[in-house]
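*Asks:* Going down the list, the protein sequences come from chains S and L.
For the first sequence, position 202 matches number 202 in our numbering, and the numbering has no gaps at all.
For the second sequence, position 75 matches number 75 in our numbering, and the numbering has no gaps at all.
None of these hints come from the bench; they were simulated from the model.
Honestly, I wouldn't trust all of these hints.
Per the computed footprint, the stretches of chain L lying under chain S, defined by three or more beta-carbons under 8 Å from a beta-carbon of chain S, are [said to hold, decoys possible]: (1) 35–45; (2) 176–187.
Cβ-to-Cβ under 7 Å is the rule here; a few derived chain L residues that face chain S [said to hold, decoys possible]: (3) L87; (4) F109; (5) S116; (6) G121; (7) V193.
Glycine residues also receive a C-beta, built at the ideal position from the N, C-alpha and C atoms.
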Amino acid sequence: MQILAALIAGAALLVGLAVWHRKRPAGLRRLRAWTSLNRAVDDAAGSGERLHLALGAGNLLHPEGAAGLTGLAVLRRLAARTARSRNATVATSGDAALHLLAVDSLRAGYGDAGVQEVFQPGTGRLAGIGAFPYAAGALPMLMDENVSIAVLAGRFGPEAALLSEAAERSDALVVGATDDLTGQAVTFASASESAIGEELFAAGAYLGQGPWHTASLTLQDTLRWLVVLFLLAGAAARLLGWAWLG
Amino acid sequence: MVRVALALVAGGAGLVVLLGYFLPELRAAQALLLRWGMILASAAVLVGILNLASVHLGKLRHREKNAPYSAVLIASLAATFVLGLLLKPGHPVLAAIINAIVVPAEGTFMALLSISLLSAGVRLLQRRLDLMSILFVASAIAVLLSSARVPSIETPIVDSAAVSWLTDVFSLSGARGILLGVSLGAIATGLRVLLGADRPYGDG
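Construct all of the structure, not just a fragment, from the sequences and the given hints.
*Replies:* Spelled out as structure tokens, the structure:
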């Protein structure tokens with residue numbers, strides 16, 4: 001019940017912060033991965049280069065679903081920003097439900113840009129089902145389709161290294177963002193830019209998805225500081241022998 | 001109107017599933033919704049496979065680069081699908097296909113991956129020479145040395161308490177910190193979707 005109460009408090013705080021940020025847009029600290037992506041997307045949209053968004057093989061019915069949902073929010077925003085580009089943005093996924101939502105997010109992105117009639121359903125693709133079959137299916141798309149930006153946003157494990165390498169061979173900027181620890185280590189080593197820890201979930205705020213995403217980021221930061229303070233208080237109490245707190 | 005209905009269905013279903021973990025009265029409804037979710041996800045697999053087939057048929061039709069690979073994919077897909085319909089999933093022929101083709105292919109990918117990771121590690125310092133990259137490479141070397149020792153040879157630095165402290169305390173606490181941050185991000189994303197503020201479907 002305490003968890004339920006905490007979730008309700010979190011939801012109330014999120015609504016309050018969204019209303020606050022609607023009136024007063026928040027300034028965001030610099031995150032290299034998203035800043036570079038913003039700059040590259042602006043350039044790509046102007047020069048008609050192709051963007052490939054890899055959503056990974058995360059199952060929406062499992063805990064990694066949140067990473068997939070964040071990837072979809074990123075996809076919608078990037079599709080809207082590149083909708084008028086000569087080469088359509090391509091989204092690949094390794095889970096069937098995620099694929100259906102990816103096609104819908106792409107369509108919604110074109111709708112946001114006011115050019116829904118140029119949307120091609122074939123740009124949302126199921127590359128394979130599962131992590132390695134997905135990587136096997138997405139590799140040729142990254143190598144053969146003149147991709148200039150490859151964004152890995154979702155659940156990726158070690159297979160991210162294969163995707164990053166394939167994209168880098170095509171001289172593409174690779175931005176890796178995943179919620180998986182192994183995947184984060186791999187993208188740190190292999191991608192041009194990587195988002196570490198909870199930075200994946202900050203993508204919406206940095207790519208201009210609106211006040212809800214900024215509010216969500218503020219909520220994340222607030223909760224993180226609370227957890228830090230709680231851990232430090234617990235450690236101090238243990239040191240001082242206050243067993244009731246530590 | 002459709003947008004509101006979609007948001008209500010998604011938010012309502014999510015709320016019932018979430019509350020089902022706390023209120024025993026909602027457990028049956030939670031289980032029912034999860035079952036429906038699984039059935040829908042299975043149906044989505046069929047739609048996804050049709051998409052996969054149509055993309056590769058398109059490549060064949062337009063004689064794109066690497067079209068022969070697409071032909072192999074379509075032929076394999078059709079053969080496995082027909083065999084799966086005619087035989088049962090546990091049939092020895094289907095098991096043999098999995099064991100003789102799919103498992104070795106995944107093994108090959110793992111082998112390729114080790115080379116990719118090695119090359120990425122070497123190129124990291126060329127691409128981004130900063131404190132974080134140096135720490136990353138140093139930690140990776142320390143973990144590798146401490147986990148792959150040379151038999152019957154004493155390695156003073158590797159066997160020291162400092163290396164095990166680095167891997168057991170420093171790395172583990174860092175990993176836990178990252179996981180805490182990821183969990184908080186996932187909670188915030190879940191709340192946003194539950195409240196209907198983030199809709200990865202429709203025109204919302």
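*Asks:* Please verify that hint: L/V193, Cβ, nearest Cβ of chain S, below 7 Å or not.
*Replies:* holds, 6 Å
*Asks:* With chain S as the partner, please determine if L/S116 meets the hint condition of a C-beta pair closer than 7 Å.
*Replies:* holds, 4 Å
*Asks:* Are at least 3 residues of the region 176–187 of chain L within less than 8 Å of chain S when you compare beta carbons?
*Replies:* holds (count 10)
*Asks:* Should the hint that L/L87 touches chain S count as held when the rule is a Cβ pair under 7 Å?
*Replies:* Violated. Min distance 20 Å.
*Asks:* Against chain S, is L/F109 within 7 Å by beta-carbon distance?
*Replies:* Constraint on L/F109 satisfied, holds at 5 Å.
*Asks:* Let me know if the C-beta of L/G121 comes in closer than 7 Å to any C-beta of chain S, holds or violated.
*Replies:* This hint holds: L/G121 lies near chain S, its Cβ roughly 5 Å from the closest one there, short of 7 Å.
*Asks:* Report holds or violated for chain S covering the region 35–45 of chain L, Cβ cut-off 8 Å, minimum 3 residues.
*Replies:* With 6 residues closer than 8 Å to chain S, the region 35–45 of chain L meets the three-residue bar; holds.
Consistency with the previously given hints fails for number 3 only.
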